[in-house]
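**Student:** If you want the building blocks of each chain, they are given just below.
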Amino acid sequence: MQIFPRTLNYLPLVAAVGAALAGGILTFVVWYYFSPANLQVGYTPEQPIAYSHRLHAGELGIDCRYCHSSVEKSQEAIVPPTQSCMGCHAVVRPDSPLLEPLRQSWETGQPVEWVRVHKIPEHTYFDHSVHVAVGVGCVSCHGRVDQMEVVSVEEPISMQWCLDCHRDPGPFLRPPDQVTNMTWERQPGDDERIADVSEVRPPEHCTGCHR
Amino acid sequence: MSHDPIAEIGETHLLPPDTTFHHVTESVSRVTENKAPRGWWILFLLSLALAGCLLASLTYLVTAGVGAWGNNNPVMWAWDITNFVWWIGIGHAGTLISAILFLFRQKWRTSINRFAEAMTIFAVMCAGLFPGIHTGRPWFDYYMFPIPNQMALWPNFKSPLMWDVFAVSTYFTISLLFWYVGLIPDLATLRDRSKTAKRRAIYGAFALGWRGSNRHWRNYERAYLILAAISTPLVLSVHSVVSFDFATSVLPGWHTTIFPPYFVAGAVFSGFALVMTLLLIARTVFQMQDIVTMKHLELMNKFMLATGSLVGYAYAMEFFIAWYSGNPYEWHVFRSNRLAITVGEGGVSMAGSYWWAYWAMIFCNVLVPQTFWFKKLRTSIPWMFAASILINIGMWFERFVIIATSLHRDFLPSSWGYFSPTIIDITLYIGTIGLFGTLFLLFIRWLPMIAIAEVKGVLPHADPHHGTPGDHAPLDAYVAAESPAE
Amino acid sequence: MTRRDPHDPPAMWRSLEDKADPERPSRRAQAEAHDPDGFISADAIVSRRGFLTLSGATAAAVGLSGCIRRPVENILPYSRAPEYVIPGVPMHFATVTERRGDALGLLVESHEGRPTKIEGNPDHPATEGATDVWAQASLMDLYDPDRSQRAARRDGAGNLADAGDTTAAAHQAFEEALGARLEEHDADGGAGLRLLVQPASSPSFLRLRRAVRERFPSARFHTWSPLSSSNLRQGAWLAFGLPVHVHQDFARARVILALDSDFTMTEPGAVRNQRRFANGRRLESPSDDMSRLYVVEPSPTVTGASADHRLRLPARDVGRYLKALCRELASNHGVDFGAVTGALGSPSTEGIPEKWLGAVARDLAESRGQNVVVAGSRQPPAVHALVHALNRALGNIGRTVGFTPAVDPEERDQVTDLRELAEAMGAGDVRTLIILGGNPVYDAPADLGFAESLGDIEFSVHLSMHRDETSRRCLWHVPRAHELEAWGDMRAIDGALSVQQPLIAPLWGGRSEIELLAQVAGERNWRGHSIVRRTMRESMGQGTGFERFWRRVLHAGVVPGTAVAPGGDLPIREPEIASAVRDLRDPEGALGADDLEVTFAPCPKLFDGRHANNTWLLELPDPISKICWDNAAYLSPSTAAALGVENGQMLRLSREGAEDIEVAAWVQPGQADFSIGLLLGWGRAHAGRYGDGRGFDVYPFRTSTALGFASGVSVRPGATGYLLAQTQEHGSLEGRAIAIEGTLEEYRDEPRFPKFQTVEMNIPPLWDTVDYQGHKWGMSIDLTTCTGCNACTIACQAENNIPVVGKRQVARGREMSWLRLDRYFVGEDENDPRFIMQPIGCVHCEEAPCENVCPVNATAHSPEGLNDMAYNRCIGTRYCANNCPYKVRRFNYFTFHGYLEGDGVLGGDYYGVPEVKQMQFNPNVTVRMRGVMEKCSYCVQRIQEAKIRSRRTGEPIQDDWFTSACAQACPSHAIVFGDLNDPNSEVARLRQRDRAYLLLAEVGTRPRTTHMAAVRNPNPEMNG
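Residue numbers (the working numbering), protein chains in the order written: chain A, 1 to 211; chain B, 10001 to 10486; chain C, 20001 to 21024.
Pulled out of the complex, with its shape left as it was, chain A reads as follows (with noise of 0.2 angstroms):
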């Protein structure tokens, strides 16, 4: 006599094409959902001032080493000082409300809490300093800062995102002097200018960033 109806005989095959299916899905949304392409990218934290990258780098273009001064000689491109930020608003502006932790840090002598954006692992280590010296343009990792009111990541700044461009770094080297050129195209005659792929040989092995 019959315990299950008919429609059951197919259970079994269904269950089996359904479990590898699931399996196969769960993997691929861990593996894309879970990564920092997805994670890290469009991070834009709130600053404790509101301070516009579009105004300073984007319409009065200063240039990014006047504040990040150390990217060309350490592996930080530091956050300025409270001190070169008054260098300017000593005099500019100098009693903008929206200023105020900034005055009050010059005072107290406690740092002003930005937040971090771009943030790599603690167990890689990145060094600005080399990547601007091949030719590294700031906006090939950090984007369009001087569009931005307020900072925001734009990549993903994944190991498969850092192995892509050490394993073909061509497509992404300028001349040195245009590093901080937010909008650079090559020109002609810029070839010249531009370091040599075979030279520039990025690590590619587990020391080169983790140590």
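In case anyone wonders, no lab produced these hints; they're calculated from the structure.
Check each hint, because a few of them may be wrong.
[Claimed, not checked] Capping the alpha-carbon separation at 20 angstroms, the derived lysine to aspartate or glutamate pairs in EDC-like fashion look like this:
#1 B:K10107 with B:E10221
#2 C:K20355 with C:D20829
#3 B:K10375 with B:E10008
#4 C:K20755 with C:E20846
#5 B:K10295 with B:E10011
#6 C:K20807 with C:D20909
#7 B:K10295 with B:E10008
#8 A:K73 with C:E20109
#9 C:K20755 with C:E20284
#10 C:K20947 with A:D63
#11 C:K20755 with C:D20768
#12 B:K10158 with B:D10141
#13 C:K20947 with A:E72
#14 A:K73 with C:E20945
#15 A:K119 with A:E155
#16 A:K73 with C:E20083
#17 C:K20755 with C:E20745
#18 A:K73 with A:D63
#19 C:K20626 with C:E20734
#20 C:K20947 with A:D127
#21 B:K10035 with B:D10192
#22 B:K10107 with B:D10192
#23 B:K10158 with C:E20851
#24 B:K10302 with B:E10011
#25 B:K10295 with B:E10033
#26 B:K10158 with C:E20734
#27 C:K20947 with A:D196
#28 B:K10375 with B:E10298
#29 A:K73 with C:E20955
#30 C:K20755 with C:E20734
#31 B:K10158 with C:E20847
#32 C:K20355 with C:E20366
#33 A:K73 with A:E155
#34 B:K10107 with B:E10011
#35 C:K20947 with C:E20901
#36 C:K20807 with C:E20745
#37 C:K20947 with A:E199
#38 B:K10158 with C:D20768
Mind docking chains B and C on chain A? Use the hints.
**Tutor:** Structure of chains B and C alone, referenced to chain A:
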């Protein structure tokens, strides 16, 4: 019974000639239907307790770190991998009995194969646990699987550990399928015998609508044959691959070409031993002496004798090669770390840290099985029970000897050390035995522990030519009368 | 809080200001450590107190509340950026530290104000760029979490209690009390005012001492340090009648006879001695000459371990041996001792092998003017005097032996000095006692009763880094500044003047000796910086251009032209020597099971006990016995047999006039029979959380009459089974060609002899072999010059954030040191073996067995041939370590950082590491978590920095740009690291050397590290 062809050709019966289909069905199925005997409960609760202690030690291990074990600097692997190899080895009998003996048409296997297969599955489960937890950061074990990831990194397919991952998982899958396919007709039997709707529903579901129709049987036989063919090479491959973990290294005592066959022989050896242990218990607890007869047991003992001798040969051979190769490091491992007999002015002395492990292994694995040359011992239930247990102890020591004694004194004397287990090492090992026991007892209680259909297949009256010569008694009627399943 | 001084390195003052806000950063430190992989960069852990309050380096999280992506992290830039500081770029400052009266010039690396690594100053004559084990480890003293943080006063209950709620308040309270006290003394001219000080090598100290005396004419200074050079000083005084330092040039000497002298490790000037000794034995080719070293000593030292011939002789018989040797030289080799000859008498030669007189004498006689005889500071003045006479008679003086004037001409015999003080204290003549540094209650001779009478003194002050045994008996305790925290100046024994420049503001507001002294002297301007500048200005006498001069000194670390070449042929005072030698009687009776000798030696790890809370040194294996976390009583195998004693059995030592002590026994091959070797510096009661009660205090057994050694000791064996944890349990080579040695003769016959012992297999590789273009890093280790001093091991630990694991874990065999020093015993006689030391780190095989077996590619080969280890990829299968023939891989069985602080049950965790200790971490090296494998990386962080620098500047990497931490520290220059593809690199040259061999070449691993066989220079006559 007037006429007995088997006796005529001078053979003895696998089962008593008067065994009826009904009797087989009855004696196997009732175990799953009647209340469990006290013995079962005692064993079950005991195993469950041990399984609990497995859980506890696992929790501690992962919270504290593998430092909770005794592993140290020269001896980076110890009980963890020893247990892994031991369980995997045990897991071999199942497939061997089901697949290889099946292909060789060894009818006697029918009374024990279901048992052995179940044992295989559970043993592989226990084995699989260890590679997973022996790592320093188990939560990153998934790095070992080729899954696409944002690090643009793949596993290292050159590593024997990678091969293990694939070998073991394949073996497990196939064994599971094989076991399940074999179960289908019997599940149907249980379904049809079941009194309650619930039982009927559950067994029914897993019986996949088996009707015992001619077509069903034909497909079934075909599937079974194919699976047997697939899993036969696996029996050889799995443990060969496991042995590569050691054979492909540069370590004296590990770097040995004889390992693959040596490991397989040992695996079958230990597998049979454990089947024997469990079978003897179950057979007495559930009174199945007439289905698992002395003839079965004797045949198994002969098997152990054979594989035991193979293992003994392997020991002798790797020892000989160590000496013959003239490799001082290799020879040191065998002479000092293992054999450890030093003949000095102080006469003969056991100088060497692990001599006891080595000699325990020799006694259990080489000497004990040799007793099976004697029919008296081969057919003595108490002795074969003791022997089977001794052999399993010996096989554990074999793995420990290979792993620990090779590691603890290798190339540079400055880095020599000694391994001693911690309480966690011990509880974890005992724990896996508990887990195994729990699963196995559940299996005995809820599933036909002996392949009903297959045993019937080897009964005399299953033979179309059964009956008086010339008179083709209507077999179908006979059968129909006997067993409601068909 | 403090006025910024324009002359101080800005980084340190920044840190001082930061100390103002303790609250927020601690949360920071927690948060920052967050990392998806559970890894923490050193920066992250470190930045408590905002030492890294800079962009990039620091990040802070407010728990995990934030967006799903990651916890919100903050970037905290400077408010006012100090000049010079470029975040992420370390700075180096030259400074100096004191070691047994000598000054070691140092270069200290500082990351945003935290000193993280100490190297030798190449421009300093004492170090020439090398360092010793203590200099390397002194960072751990600086960051010792148990340092005293406040001035404290003894309360009613007799316990020390903070003298104020803040550091400043406490100091103020103390200063008021001190001021008041001193005003009283102004009245009586300092009667009853005594100061107990350390031996002075500081001009500022000498100047202030004068100032104090001017203010308090009747005040008295006493000097005490448990490891004094008094015997050397008096020996020299006897011989020459002048306060001089004696210098031996071990580089020029062809034959060296060391009498109970560990001149390469614990004696004064050890670092320079070791460098010169190594230079005298460096073999470029078979045609080179090497010196021959004879050592006569009771218990094995690293010097004895590198000897060509070593005689085990109880310390008390060394004088007898010397006399016998002189007699031999005088009678049979016509060596003229002048008036001394008579005094030699005819000493008994019992127990001294004939060859040690005949052959050695001949060797010395034949190498007149080109050998050195040196005696250890443990031996009595008479022995030293006779040694000077011998050197004179052999014509060594002026050639291999020279003199420089003593830094402090006043220094007297310290025991006498201390005894006088103790007696005065006992008599109640001391009303005020100011103890500057040291720990006399712990280390003063037991029979002087110093400790007992200290408690009764009305007003006593102790300046020290810890509230130690002495502080607890004083009325006042004042926290002392670490050398890296304080200004100072120091003269090396050759007169080289250096400025001690602080790297960081005093973490706990400590004061230096000179600062406190200046306060006693009543100087208004008592800050170290001003004191030193003033001393410098006065001594230099250059008013104009002083600033430029000062800056140049700070930069170079040593005042140009102050070092004088030792030399000068001083007239020798034979009569005085003769009488002294006459008094040097042969010891009566032979030593035996009931009349044993004990010798007291500075511990090659804890020194005199001042480093007793230094985890690096506590866990450092003893160079000879390889014991960690303990000291022990060393007995020779036959003595142990005679006494029926086994390893780890407790011994009760008793002796006339000293209280009994209990020490665990250790059977030490190479120890003189019936002489028990004891190491000082252990068994501290108040060292701190790590050092308390470690090992056994042997000071109670050390009396003022027996500071070096004593006989008449009896032993009562007690309970067995005391655990002594060793890092190397097996000392035999098992006849394997691992640490290969040969004689100079053998070497000249067949320069390539090591290569014949190691067969290089031509195993066809499984996959294509790489031919390494570009860089090809490699290392070379010379076993001939390596003494086994351990400096490399600690240097490696400091550079690479290597944790300590504690005694129990070491006993389990889980020590983490990347670079280990293997010590093997060679020879048949278990009582008298030869020693051979072999440093081993990862050898970076080109066919690395570890790489093939890692299932996740966590260890892989770099195009430059490095065997990379990616911690964050490692899952910890430990397969690589099993497959490593050299067993140089180390596994983090627990989170060993913070393990000592943890409960020891659930491992440790980073936050268990006291924050002040976290400050030491090298920010360029990942701090490893539990469950990952690690090993020597060839200091890959330094390689990467060099490559980045080369990329930035466009110039190719030079051999002298950088080297590995171990190579940089090595005083023997036995370890050399560099680029094998660079034809100009030293390592490339060394690899071609005939003595070079590949360890375990037969396994076919093709290591990048080559060892160079140890070549000994035995005297053929000494054999048989």
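**Student:** None of the hints should be skipped; say for each whether it holds.
**Tutor:** Hints versus structure:
Between B:K10107 and B:E10221 the alpha-carbon distance is near 15 angstroms, which keeps this suggested pair within the 20 angstroms criterion. Between C:K20355 and C:D20829 the alpha-carbon distance is near 18 angstroms, which keeps this suggested pair within the 20 angstroms criterion. A threshold of 20 angstroms between alpha carbons decides the hint, and for B:K10375 with B:E10008 the separation of about 24 angstroms lies outside it, so the pair is violated. A distance of roughly 19 angstroms separates the Cα atoms of C:K20755 and C:E20846; the hinted pair therefore holds under the 20 angstroms criterion.
Only pairs whose Cα atoms come within 20 angstroms are accepted, and B:K10295 paired with B:E10011 is accepted, the gap being roughly 11 angstroms. About 18 angstroms separates the Cα atoms of C:K20807 and C:D20909, which keeps this hinted pair within 20 angstroms; it holds. With a C-alpha separation of about 18 angstroms, the suggested pairing of B:K10295 with B:E10008 holds against the 20 angstroms cut-off. At roughly 18 angstroms between alpha-carbon atoms, A:K73 and C:E20109 fall within 20 angstroms of each other, so this suggested pair holds.
For the hint pairing C:K20755 with C:E20284, the CA-to-CA distance comes to about 17 angstroms; that is within 20 angstroms, so the pair holds. Taking the CA atoms of C:K20947 and A:D63, the gap is about 27 angstroms. The hint is violated against a cut of 20 angstroms. The straight-line distance between the Cα atoms of C:K20755 and C:D20768 is roughly 26 angstroms, outside the 20 angstroms bound, and the hint therefore fails. Our distance criterion of 20 angstroms between C-alpha atoms is met by B:K10158 and B:D10141, whose separation comes to about 17 angstroms.
At most 20 angstroms may separate the alpha-carbon atoms for a hinted pair to count; C:K20947 and A:E72 meet this at roughly 15 angstroms. Pair hint A:K73 plus C:E20945 holds up; C-alpha atoms about 12 angstroms apart against a cutoff of 20 angstroms. Distance hint between A:K119 and A:E155 is fulfilled; the C-alpha atoms sit about 11 angstroms from each other, no more than 20 angstroms. Restraint check for A:K73 and C:E20083: satisfied, since their Cα atoms lie roughly 15 angstroms apart, inside the 20 angstroms limit.
With a C-alpha separation of about 16 angstroms, the suggested pair C:K20755 and C:E20745 falls inside the 20 angstroms cut-off, and the hint holds. Annotation: proposed proximity of A:K73 to A:D63 holds, straight-line Cα distance about 16 angstroms (limit 20 angstroms). Taking the CA atoms of C:K20626 and C:E20734, the gap is near 19 angstroms; set against the 20 angstroms cutoff, the hint holds. Only pairs whose Cα atoms come within 20 angstroms are accepted, and C:K20947 paired with A:D127 is accepted, the gap being roughly 11 angstroms.
Taken as a hint, the B:K10035 and B:D10192 pair is honoured in the structure, with Cα atoms around 19 angstroms apart against an allowance of 20 angstroms. Using a Cα cut-off of 20 angstroms, the hinted pair B:K10107 and B:D10192 is violated, with the two alpha carbons roughly 26 angstroms apart. Distance hint between B:K10158 and C:E20851 is fulfilled; the C-alpha atoms sit about 9 angstroms from each other, no more than 20 angstroms. In summary, the hint linking B:K10302 to B:E10011 is supported, as the alpha carbons are separated by about 18 angstroms, within the 20 angstroms threshold.
Taken as a hint, the B:K10295 and B:E10033 pair is broken in the structure, with Cα atoms around 28 angstroms apart against an allowance of 20 angstroms. Our distance criterion of 20 angstroms between C-alpha atoms is broken by B:K10158 and C:E20734, whose separation comes to about 34 angstroms. A C-alpha spacing of about 17 angstroms is found between C:K20947 and A:D196, which places the hinted pair at or below 20 angstroms, so the restraint holds. At most 20 angstroms may separate the alpha-carbon atoms for a hinted pair to count; B:K10375 and B:E10298 meet this at roughly 8 angstroms.
Between A:K73 and C:E20955, the direct Cα distance comes to roughly 15 angstroms. Compliance with the 20 angstroms bound is thereby established for this hinted pair. Only pairs whose Cα atoms come within 20 angstroms are accepted, and C:K20755 paired with C:E20734 is accepted, the gap being roughly 19 angstroms. About 14 angstroms separates the Cα atoms of B:K10158 and C:E20847, which keeps this hinted pair within 20 angstroms; it holds. Restraint check for C:K20355 and C:E20366: the C-alpha separation of about 15 angstroms stays at or below 20 angstroms, so the hint holds.
Under the criterion of a C-alpha separation no larger than 20 angstroms, the hint pairing A:K73 with A:E155 is inconsistent with the structure, at around 24 angstroms. A threshold of 20 angstroms between alpha carbons decides the hint, and for B:K10107 with B:E10011 the separation of about 13 angstroms falls inside it, so the pair holds. The suggested pairing of C:K20947 with C:E20901 is violated, with an alpha-carbon distance near 38 angstroms, which exceeds 20 angstroms. For a cut-off of 20 angstroms, the pair hint linking C:K20807 to C:E20745 is broken: about 44 angstroms separates their Cα positions.
As the CA atoms of C:K20947 and A:E199 are separated by approximately 13 angstroms, the hinted pair is consistent with the 20 angstroms bound. Restraint check for B:K10158 and C:D20768: satisfied, since their Cα atoms lie roughly 14 angstroms apart, inside the 20 angstroms limit.
Going down the numbered hints, you'll see the structure goes against 3, 10, 11, 22, 25, 26, 33, 35, 36, while the others check out.
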